[in-house]
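K.L.:
Those sequence lines, one after another, are chains A and B. Counting from 1, one number per residue, gives the positions in the first sequence under our numbering. Counting from 1, one number per residue, gives the positions in the second sequence under our numbering.
Source of the hints: derived by calculation from the structure; they are not laboratory data. Treat the hints with care, as some may be off.
Unchecked claim - Below, in silico cross-link-like pairs of lysine-lysine (DSSO-like), each with a Cα-Cα straight-line distance of 27 Å or less:
{"no.": "1", "chain 1": "A", "residue 1": "K3", "chain 2": "B", "residue 2": "K78"}
{"no.": "2", "chain 1": "A", "residue 1": "K3", "chain 2": "A", "residue 2": "K52"}
{"no.": "3", "chain 1": "A", "residue 1": "K69", "chain 2": "A", "residue 2": "K3"}
{"no.": "4", "chain 1": "B", "residue 1": "K83", "chain 2": "B", "residue 2": "K57"}
{"no.": "5", "chain 1": "A", "residue 1": "K54", "chain 2": "A", "residue 2": "K3"}
{"no.": "6", "chain 1": "B", "residue 1": "K57", "chain 2": "A", "residue 2": "K3"}
{"no.": "7", "chain 1": "A", "residue 1": "K69", "chain 2": "A", "residue 2": "K54"}
{"no.": "8", "chain 1": "B", "residue 1": "K57", "chain 2": "B", "residue 2": "K78"}
{"no.": "9", "chain 1": "A", "residue 1": "K69", "chain 2": "B", "residue 2": "K42"}
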Amino acid sequence: LAKTTQPISMDSYEGQEVNITCSHNNIATNDYITWYQQFPSQGPRFIIQGYKTKVTNEVASLFIPADRKSSTLSLPRVSLSDTAVYYCLVGAGDSSYKLIFGSGTRLLVRP
Amino acid sequence: EPEVTQTPSHQVTQMGQEVILRCVPISNHLYFYWYRQILGQKVEFLVSFYNNEISEKSEIFDDQFSVERPDGSNFTLKIRSTKLEDSAMYFCASSEGGTAITDTQYFGPGTRLTVL
Numbered sequence: 001l002a003k004t005t006q007p008i009s010m011d012s013y014e015g016q017e018v019n020i021t022c023s024h025n026n027i028a029t030n031d032y033i034t035w036y037q038q039f040p041s042q043g044p045r046f047i048i049q050g051y052k053t054k055v056t057n058e059v060a061s062l063f064i065p066a067d068r069k070s071s072t073l074s075l076p077r078v079s080l081s082d083t084a085v086y087y088c089l090v091g092a093g094d095s096s097y098k099l100i101f102g103s104g105t106r107l108l109v110r111p
Numbered sequence: 001e002p003e004v005t006q007t008p009s010h011q012v013t014q015m016g017q018e019v020i021l022r023c024v025p026i027s028n029h030l031y032f033y034w035y036r037q038i039l040g041q042k043v044e045f046l047v048s049f050y051n052n053e054i055s056e057k058s059e060i061f062d063d064q065f066s067v068e069r070p071d072g073s074n075f076t077l078k079i080r081s082t083k084l085e086d087s088a089m090y091f092c093a094s095s096e097g098g099t100a101i102t103d104t105q106y107f108g109p110g111t112r113l114t115v116l
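This is chain A alone, in the form it adopts within the complex:
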C-alpha cells in the first residue's frame, strides 16, 4: 500500500469548510483513495472513495488532481459533531484484505 502523509491536526470553526490534504506520492496506477472517519471511542467509518477527479456524496467531497499524488477531503460547513480523526488510505483494488491506518488528521471544530 502506498505511504500517505497528512497533517497531524487541524482546527476549524462551526460553519466553515474544512479541507484536509493527503499526500501519496507513490500511488500506483490501480490504487484507490479512501477516507475513513473515527469519533472518540468508536470504530472507523467509511466516508468517501475515489480514483480520479472529483467525487461527492452527502457527507463530503474528494478532489483528486490529474497526477493523483495527493487528494483533498472537503467537509462543507462543519459542525461540532465533525470533530474526529480522519484517515486517508491508499491501496489497490486487488490488494489484501487488511486496511492499514496511519495516524490520521485530528480535526477539532470549535463553536
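Here the structure of chain A is known, so what remains is to put chain B in place on it, guided by the hints.
P.N.:
Relative to chain A, chain B alone:
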C-alpha cells in the same frame, strides 16, 4: 441501516485469563475482520476471516489469539491468556467483498478490554 454489533462494550479481566469478544457482522457480509487500537495509537489489523478460515493475519495475531464463527451470525475473537499489553479497543468489521480498499469495511463500536 444495518450495523455491526459487539459485546461486551467493556471487559475487565485479570492477566492470564481467557477472554472471548463477540461480534455480529452485517447479515449478508462474507468477510470478517478484527482490528485493535491501543489507547492513543493507530488502528491495527489483526485478522481477516472468510469461508470459515483465516485469510490473512498480522504479526500481532500470535498463538494466543483465535477466531471462530460458531454459528451463522456470531464472529468471535478469543485471547487465551491475556497480557497487560492486550489492553486495547477491539473492533470487529465486516464487508461484502474481500478487497480491502474497494469493498467498504463496516466497523462495530468496539469492545474495550482492560487487563489488570
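K.L.:
Each hint needs a verdict: does it hold in this structure or not?
P.N.:
Hints, one by one, checked against the model:
1. A:K3 x B:K78: violated, 32 Å
2. A:K3 x A:K52: The hint holds at about 18 Å.
3. A:K69 x A:K3: Measuring from Cα to Cα gives roughly 11 Å; hence the hint holds.
4. B:K83 x B:K57: Status holds; Cα separation ~19 Å.
5. A:K54 x A:K3: Within the cut-off at roughly 21 Å; holds.
6. B:K57 x A:K3: Since the Cα atoms of K57 (chain B) and K3 (chain A) sit roughly 20 Å apart, the hinted pair holds (cutoff 27 Å).
7. A:K69 x A:K54: Holds: K69 (chain A) and K54 (chain A) sit about 14 Å apart, inside 27 Å.
8. B:K57 x B:K78: Holds, because 14 Å separates the two Cα atoms, which is no more than 27 Å.
9. A:K69 x B:K42: holds, 23 Å
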